[in-house]
Amino acid sequence: HYAAAQKQAEPAVLQPTPQPKDDFQEELVVRPLHSGDIYASFQFRTLWETDFMRGNKVSHYRLFPKSLGQVISKFSVRELHISFTQGYWRTMQWGQPYLPSPPGAELWVWFQDSVTDVDATWKELTNVLSGIFCASLNFIDSTNTVQPSASFKPLGIGNVTDHRFLRYATLPREIVCTENLTPWKKLLPCGSKAGLAVLLKSEKLFHSSFHSQAVHIRPVCQDWQCKTTSWELRQTLNVVFDLHNSGQGKREWSLFKMFSRTLTEACPLASSSKIYIDITDNPEQFELSPATSLLSQAMVLGDRRTFSVYDLTQQDTFGSVRSLNLLIRWKSTEGDMLRPLLHAERYVAGYGLQTGEIHTLMYNHHPYRSFPVLLLDSVPWYLRLYIHTLTVTSKGKDNKPSYIHYQPSKDRVRPHLLEMLVQLPPNSVTEVTVQFERALLKWTEYTPDPNHGFYVGSSVISSLVPSTVAMDTNSTRERPLFSSFFPCKEESSYFVRVYTEPLLVNLPTPDFSMPYNVICLTCTVVAVGYGSLYNLLTRSFQIEEPSPGLAKRIANVIRKMRGVPPL
Amino acid sequence: MATTEVERRRGQLAALSIAAVVIIVGVPLWWRTTETYRAWLPVSQIKELAKLQLQLSADVEVVFARGTVTPEQQKKVPLTQTQEEERAIDEDTALRYRYETRYRTATIMEEDALNQPSAAEADLSLHTLSESPCGSLVVYVIPESSSLLPEDVNVYIGQRRTALLRIGPQMRVGKTLEQLLAHLEPRIKQVLQVMSFSHNDITAALSDRVRFSPDNKESIADSMRAFKSSPGYEITFSLLNPDPKSHRLHWDIEGAVQTYIQPLLTKLSPVANFSIDSQTLYYTMLGVNPRFDTSRSAYTLNADSLAHVINPVEARLGSNAASSNPVLNFLLYVPDAQHSPLYIQGRKKQEVPSNAFHSPRWGGIMVYNVNGFYGSEPEFPVDINIDMAKVMGVFLAQLRLLLGVQSSTPPPGFLVARCGSTGLADWELDRLMWSRSVENVATATTTITSLAQLLDQIGNIVINDNIAQQVSSAVTSLQLAVAELEAGNLGFALQYSKEAILASEKAFFDPSLLHLLYFPDDQKFAIYIPLFLPMCVPILLSLLKIVSEARQRRREKQAKKD
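Going line by line, the protein sequences match chains V and F. Counting from 1, one number per residue, gives the positions in the first sequence under full-length UniProt numbering. Counting from 1, one number per residue, gives the positions in the second sequence under full-length UniProt numbering.
The following block holds chain V by itself, in its conformation from the complex (with noise of 0.2 angstroms):
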């Protein structure tokens, strides 16, 4: 409809206008969360009909950003994922988050077939996008890169499922800032001049108690036929604002007290701008205003949501005063969130410095459905695992997995893998408990705060877990009976990807200055011996007569003094 709507605009010129093969969308989804914090999710999508695939040497971009399509061609990417995150997603409170992200920054690539390297590849290409985006990924190396067999499977089109192609790494010490914020809203064709990108402004998006930022670039179907295909850059930010603990005392949001700024326009290149609130608990809970009449259901994680939709694109959208500014006023503090069907969360229990144990703990609080999850653990080679104390524990009963595949680690090459496909019991807690060694570092593999501690990147878990519409069977809403009975298909289960805390873990560190103080040591000792070996080598040795002593020579004065010959 795009090109409809250049034709109706076109007579002015003569010439034919080409159809754009490339297509801008921007989004912006609001959720106010039951803890009283406020959770807004950027989404930017560009659509670009070409092919990566042949070796077309010229390349030519008009909303896709060049430097992500140069990486794309040269390293022969098929699928690239990487999100920044600073903070944790409080799953228990806040619910599940459209996108999820582990703390610090998350790689994982697929390589399409033709490259026969990968691992060199691997290496360019962190290095490369690390200088993209200002991040330390050139940190990722063979250490921390594992290859999942199932955990990670491509999100775009293409049956590719060789996971030689794949790999996957995080970083969960990455620190994200205002620097990493700044090439990502580069990626942008409006940049943050226009559109939703004007909310974006860094001083505000870093005072938050979450944030994400990634980019996800996939090959997708132009139709559903799959006749064409094309690449689909998505860039997404989701930031949780926690305007309430921050001593404002009222439960009040807008655009302006969020971001510090209010809406006017839409980008002129997208053909779609949407601002969505999620209105499922009002009007209860909290008022809206401006109104709006558009309003839109659709499944989000399970659940049926409303949301109300601001559309940009629209003129009246912004009223007379030619600015949005929404505000949200909650009413009350009652209501309950659905708890998150499935939870988990991770700690290293164990004392002193040689041995601990990592333990895992998964949350199924459905309440009458099992589903299996596949959980993936990758740990640094200098935590070296003792798989053989592996337990999988539900209900206080051993859990036997379906599937286990694990990759011992080498010394200073690669970490450790451990992928399970693990059955969680209805509303029960499962553990995972493995014990580990701490291994003895060289002194220049030390990072720069060795007592700070060591991070492990958060465990993956994922699984389909049956929805939760599919449970309420004695639901209200008003649905046709004859589409009741049975939990229709696509809506019976959802697919969910949990990650948990990374681990901080100590390491026995020695004194720093310890090189140095024994080699002062050593040689003081070996001075020491050799001094007296010399002196007894080179010394001549003569009999002395010996000197009479004290006794003798007092009484020699005394005889002397008397006038008796001395003794």
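One or more of the hints may lead you astray.
[Unchecked claim] Here are the computed lysine to any residue pairs in the SDA-like style, where the Cα-Cα straight-line distance is at most 20 angstroms:
#1 K442/V / S142/V
#2 K185/V / V194/F
#3 K245/F / G372/F
#4 K245/F / S323/V
#5 K185/V / G372/F
#6 K524/F / N460/F
#7 K201/V / A315/F
#8 K74/V / H339/F
#9 K74/V / P326/F
#10 K193/V / D243/F
#11 K410/V / R438/V
#12 K193/V / T82/F
#13 K74/V / L317/F
#14 K186/V / A19/F
#15 K123/V / L99/V
#16 K74/V / S323/F
#17 K193/V / G372/F
#18 K524/F / V518/V
#19 K524/F / L521/V
#20 K193/V / L317/F
#21 K524/F / C523/V
#22 K193/V / N460/F
#23 K506/F / Q469/F
#24 K524/F / S323/V
#25 K193/V / P312/F
#26 K186/V / S319/F
#27 K524/F / T524/V
#28 K349/F / L317/F
[Unchecked claim] Short derived list, chain V residues pointing at chain F, Cβ under 10 angstroms:
#29 P65
#30 G69
#31 K74
#32 G191
#33 R261
#34 L269
#35 S272
[Claimed, not checked] Chain V regions said to be covered by chain F (calculated; three or more residues, Cβ under 8 angstroms):
#36 121-133
#37 251-257
#38 393-401
#39 530-539
Hints are computed from structural coordinates only; laboratory data are not their basis. Glycine is no exception: its CB is placed at the ideal position from the N, C-alpha and C atoms.
Please arrange chain F on chain V, whose structure you already have, making use of the hints.
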């Protein structure tokens, strides 16, 4: 008494033997274990290269057409002359130009070709007869009466490697062959300087080695304009649309690149590899606010303020993530509706006809006004199709300048053929190849000599085998390049010089050179002293004692003798 003497003697011997063990075993052991690995480098060859003796040889064939020489002269004609010219640039660099001129008379086929109605056609048919190799030239001497050239033109330079030279009116008849050749020589040299290499070009190419002081500001600007020689270039065309709300721009860059740019780059492929891409950037502002000129009811940008235009735009251009070759940027700026039309004003307040400017070693910017598309009552956004022929004409000219393709004006009486569809004549390519080969040789020699100097000065640097290998291959390629230049094989010379530059840069920027660069002496001594001081002091003291005793004994002996 005797026993104490024996005892002393034994002590002395022990001290001496310990000292001997320390010197014979300890010192070499310490030396070997703390030594840094330094592979062998061809130092003497590098030193030879530091003194650069470049000889450039060009083959010139001079062909006499019918009517320029008498039949008696024709019999003597197949002859060869060699001219050499030596120029010292500075104490380390010397240049020698060698022109090998062969004289012959035209064949019948060539005569036919020269009888074509126009010079351009003659040029084409001469080219089809024989193709002269890269770096060589053919000059056809045609009689004064020939109708090939217009009245005031004496020399015609074709699109290939041929030139037509009209003999002067004073050389009618009755002159000896020597006189004729003496008359032709300076003019052939002039042709050579246009078509092959001139001393100015070569010294400019040597600027990496030699700090030369050019005569005037203009020649500095000329020498600074072109990009440095590199094995590859990235060409990026960017369409800047600061106002996407008013203008919806369409440019057929793909077609335009195929039509206008690609032929030139194909022709230039022996010199470097090129890759092209394009992008559209929105909401990009220029760094300066254009001034409104009421007399023309247009906005103007002054020549002085152009320097400030680029910086804010460059932040958006983005560097090329996929390669480290230099990037040539060509920006097409469509001013926003409020600041339109926009004209660039020259230094003398006159309008620049192309409405474009270039920045040395960076790229070019063209301002493209779209007021003409508005119509009587514009309804924004306006769809605009950009006229790519107009844009590419400007960018092509800028590209030629930035790549260092010859741009000097020919001397009077010369007519240079318009370059055809390729955008580049064969002899222009030769000229570029001459200066690029010399430039590469100069850059590679400076890189290699400075690397050798650096390694020589800092003893801590580890020289791995791969670096030594790179250095050796750079040196070999350099020697080959110099030899090929001497032999006049331009293509090979350029090839070898490129290899030399690649190898030398690889060696120079190898990260392994940095590892032990910072290893200060005070730290070294802090580690050595606790061991060495207590060990060496007793040895030294006892050695001193032995020496002094020996001296005293000798003195006593002397006293006894006396």
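Q) Which hints, by number, does the structure contradict? A) Hints 2, 5, 8, 12, 14, 15, 17, 22, 24, 28, 33, 35, 37, 38 are the ones this structure does not satisfy, whereas the remaining hints hold.
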